[in-house]
Structure formats: structure tokens, C-alpha cells
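Chain A is fixed; fit chain B onto it per the hints.
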Amino acid sequence: MSWEREPLFTKAKLYFEKAYDEDKEGPHFGLWCAMGLELLARSAIAKVSPTLLAEPDREHQNLLHALNLGSVKIRKKSIAMAQVLNLCQILITDFTESEFKMALAIVNQRNEELHTGSVAFSEYPTQKWIAGFYRCCKILCEFQEESLNSLLGDELQREADVVLNRTEAEVINRTKSSIAAHGKVFEDKSEEIKEHLREDAEKNSERLASRGHHRVNCPACKCRATVLGEPYGKENVVSEDDKVVVRQSILPTMFNCTACELSLNGYSSLLAAEIANHYTRRIIYTPEEYYNMISYEEHDAIVREYQENDDYEDYAHYEEWNNE
Amino acid sequence: MIISKSEVIEDLKDKGWTELKGVFNDFDLLNIASKLGQVFKRNNGNVIEILRPSNGENSIKGTFSNIYKYSEFPLHTDMAFYIKPIRYMLLASNERSNCNTFLLPFSDVFKLMKASDKKNFDRAIYIVKTRAKHFFSPLNFKYGNEIGFKYDSTCMTPFNDSAKKFDAFFCEIQQETIFSDVRWTGNKLVLIDNWSVLHGRNSANNELNREVKRIYII
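Chains A and B are the protein sequences, given in the same order. The opening position of the first sequence corresponds to residue 32 in my numbering, with each subsequent residue numbered one higher. The opening position of the second sequence corresponds to residue 148 in my numbering, with each subsequent residue numbered one higher.
Here chain A stands alone, though its shape is the one from the complex:
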């Protein structure tokens, strides 16, 4: 079994080639695409390290296989696809929850196709998933310094670009319409109400900023609003005298304005609204909070609570199962 990036990516290319030999509305097009997507996601993870694909085991046998040091007598086991997609979400900035859900939906159809008697992709028409599928492919390719062209070839890349551009145009139109509509409703309100809503929005955004939201101006009513997003990359932890400061890069994926009630979901919508700048979330912890320590002041209260609530009967066999 090869968990290195190149063979996985090459095999993904091959599976997509098989997919496009099939009728696009036929049941096997989706199956080959789903299997290709799985290999593509695995190759993206292997770009970070093939060891991430090894199923954890006590003897590290799978890890040794990933390092090409495994025993031929022992079967290799890789992690399940849901976990692969979870890792994609952690490691690949642009692979957000929306891509995770889309990829998982395709993989679930593949499972249904392979594990049941039903014709899974017949019940899940191509038009429902193809745009999300291409978006996942593009993100996974770019992460491993490949492209839709190197994956699919000239003609299919052109087709994918058309689908992606059309979807992007739809998102832009939908977002701009929503912004215009909310802006108009807000403008039609009396000055007094608008001022009141502005003040409330300002206070609300300040309150939310301390809970990890990021403040932006609403593209519709220009009041203070907030975005929330998904963390990516490494946490930057700095310990100072009496506090621990944790900085984390965030990809914004949700927007909400309390003044005009405009709400946007998904990075592409926020991008269309021009409020998708990545930001850094800064959280300050006390050392006790960060390291989950018990302070002197709390110690007595915690012990008391523990003794009051604890049923020592539950621990009757403690010595037995703690005995190594």
C-alpha cells in the first residue's frame, strides 16, 4: 500500500478519467468521482505527511507502514474517509465546513452505492453535487501544488471552470440582492429608529467581540456587525506574567447584522459581500484557566462539592481495575 502523495494523486487522475468515460447522468459517473475525490483528499493529507493516513494502533504497525518500514506480514490500515475529511478541514484553510459537508455527502453516496443494493447516484443527480465537487477538487489540488488542469486535463478543466464561475456568479448575485434588499428596508425606517438600531448594533458588536467575533461594517446598512469563522493553522500561544494570550487565524464564514438583520453564510457569500478578510482571534486566559489548574481560592469549594456529590460506592472496585 502506498500512502505517498504522488501515487495517490495519480490514481485520483485515473479514477476521474474513468468517471468521464461514463455517461454523466449515469450511476457510475458519481461513483468514480466519489472514489477519485477520496484519493484526492488522501493525497492532499499525504502532502503534509503520509503518516497522517495511518490508522493509529498500539504497536505503531500502521505508522511504520507509512514510513515504509512496516512488516509485510501485517496488514496495513488507513484512517476512515470521515477522518480524512476532518483532517482536510483542519489542515487546509480553504476547505471549510461547507466543503467538508459536500465531500461527506458525496462519500456517503459512494458508501450507499457500494454497500447496498440501491443505485445511489441515480437518486442523487449530478447537478446537485457537481459544483461543490469541483470546488473541493480545486481546493485539494491547489493545496498540493497541483491544479484542476493537472488533475482533469484541458477540456475538463474548462468545463469545471465554467461550472465554478457560474456558481460564483450565482452566489454574487444572490448576495448582492440580499444586501440591496436589507439596505433598502433599513433606509426606509425613520431616522430615530435607525439611530436606535445603530447604537444597539454598536453595543452588541462590542459584546460579541469579546466572545471571539470580529467586528465589520454591515455591507447593507453600514452599522457595526460581526463575522464569525473557522479557525485554521497553528495556535500562537504567548505566556506573559499573569496571562496567556492565544492568537488563532480565522477564516470568516458567517455574518450577522442586528440592525438590518442581514445574515450571510459561507465564505463565498462573505467574499461576494467583501467582508471575507481573514482575521486573528485573540483570547486572553488566566494561567489557571489555560492550564486547567485549580486556584487556592477554589480548592476548598471544589473539594467540598466533590465530597457532597460523590458516591464512594462507585469507586469500590477502583483498586481492582487500577491494578496493572
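Hints listed in this document are in silico derivations from the structure and should not be mistaken for laboratory results. Since the structure is predicted, the reported quantities are computational estimates derived from the model, not experimental observations. Please note that the accuracy of each hint is not assured.
Derived lysine to any residue pairs resembling SDA-like cross-links, with alpha carbons at most 25 Å apart [to be verified]:
1) K289(B) <-> L45(A)
2) K208(B) <-> L45(A)
3) K104(A) <-> I207(B)
4) K311(B) <-> F257(B)
5) K107(A) <-> I274(B)
6) K258(B) <-> E186(A)
7) K261(B) <-> S102(A)
8) K104(A) <-> G209(B)
9) K168(B) <-> K311(B)
10) K312(B) <-> E186(A)
11) K160(B) <-> K312(B)
12) K261(B) <-> K107(A)
13) K265(B) <-> E186(A)
14) K266(B) <-> E173(A)
Showing chain B alone in chain A's frame:
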């Protein structure tokens, strides 16, 4: 002996290989090889191998000696069964021999390609088979900003249509292309960029005593 690393690298970049004249002992060979990168140590611990024509009887199954014996070795990339084959190869012989090494840069192959051949090259998928594992491989591979190419008909079997078409094209051009010869005229060393130049060996039927030293550089 003193060689300039930049001159050698320049020549390797320019045409994919370079020749040096002089009497070379093993120390010289290792010194020159190590200027290009890390010298590759074989499983048996050797870094310098001595290549001699063989009837293939005792050779490992599937190797060139085993398949082609004393006959001509067709164009190939050394260690194409690795995802990234070794980077450079040093061949040297202080003896004369009429059994030439012949070379063909991939850049010359590209010049002969029509758009459809280039497309086949880019989309070709092969199965690489070794005793240890089988895996899919394209003809090109990336390493940082560099792109390398590989081909070896003994371990790479064309799998998709593009690969089959490329193989037919490659077979055809080999009949018509003039290769560059390395003539072993004595006291000679050749450095080959294994990622950009294919090499082969003429028939050794009349050169059974030919000896060439080889060092791999990664």
C-alpha cells in the same frame, strides 16, 4: 583534481549531461559526485558500483541484465521505480571500450511532439511494478520547484490510453532519432541528470570485459 561545481551544474542544466577527461581514482569520483549532492549508499553498503556486461543468469529478475543480457539496453531513467528517482548519475571508466552509452534528453523528445503527443505525455499513467510494491505513476514528478521526468519500460507498464499512445510514439521516434553517444575512450567520466536525460547502452556482445563505475547522487 579540481573542478568547478558551477561549471558542471551549468553544463548539466544546459544539456543534461557533461563529460570530464582525466585519470580518476575512486577518491576523485566520490569527490566529484559529492559536489552535486548526497552520494547514495546501496543496501549492500557500496557507493561505487562496478557495472560489467552479464548474461543475466545471476541477475535479479526484471533488471536490465536479466532481460537484455549482452544486448542493447533501451533508453530509460535509472531507478524509475522510485516515486522520485535518483537525481544524478556518475559513470566513469579509465579503460577504453567500443560499447557506448547513449543519451537522449527529454527536451529533444518534447521537440518532436505534436500537441496530441504532449497531451498524452501529460495524461499518461503507468503501473510501476517492483517486487515490493505496485503503484500508479505519471511520467513527470515534482520536487519543490523542479519537475523531473522518468521512463523505464522494464518496470513501467502503460495503463491508460494516453500511456499506450505515448509508448507507441516513443517507440516510433526512437527509430528515427539520433542519440548522443558517450564514447568510452579511456580516462573519462560522465555526469548525467537522471531527471531530464534518458540513457541506454549499446550491445556488449563484443565487449564482455567492459567495466564502468557508477555512483548515484540524490
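Checklist line | Proposed proximity, L45(A) with K208(B) (alpha carbon, max 25 Å) | finding: Given pair K208(B), L45(A) is violated - Cα atoms ~29 Å apart, limit 25 Å.
Check: Is the straight-line distance between the alpha-carbon of K258(B) and that of E186(A) 25 Å or less?
Finding: holds (23 Å)
Checklist line | Given pair status - S102(A), K261(B), alpha carbons within 25 Å | finding: Between K261(B) and S102(A) the Cα gap is close to 46 Å, so the pair fails against 25 Å, i.e. violated.
Margin query: Would the hint linking K160(B) and K312(B) be met if the CA-CA limit is 25 Å?
Written below: violated (29 Å)
Notebook entry, point to check: Does the alpha-carbon distance linking K312(B) and E186(A) stay inside the 25 Å limit?
Noted result: Within the cut-off at roughly 18 Å; holds.
Check: Given the proposed pairing of K265(B) with E186(A), does the C-alpha separation stay at or below 25 Å?
Finding: Cα-Cα ~14 Å, so holds.
Check: If you draw a straight line from the CA of K266(B) to the CA of E173(A), is it 25 Å or shorter?
Finding: Holds: K266(B) and E173(A) sit about 21 Å apart, inside 25 Å.
Margin query: What's the verdict on K261(B) and K107(A), does the C-alpha distance respect the 25 Å limit or exceed it?
Written below: violated (43 Å)
Margin query: For K311(B) and F257(B), compute the direct alpha-carbon distance and say whether it is at most 25 Å.
Written below: Holds. K311(B) to F257(B) sits at ~17 Å (cutoff 25 Å).
Note to self: Between the alpha carbons of K289(B) and L45(A), is the straight-line distance 25 Å or under?
What the structure shows: The given pair, whose Cα atoms are some 18 Å apart, holds under the 25 Å limit.
Next item on the list: Given the hint that K104(A) pairs with G209(B), test it: the Cα-Cα distance must not exceed 25 Å.
Entry: holds (24 Å)
Margin query: Just to be careful, I want the Cα atoms of K168(B) and K311(B) compared with a cutoff of 25 Å; is the pair within it?
Written below: violated (41 Å)
Of the numbered hints given earlier, the model fails hints 2, 7, 9, 11 and 12; all others are met.
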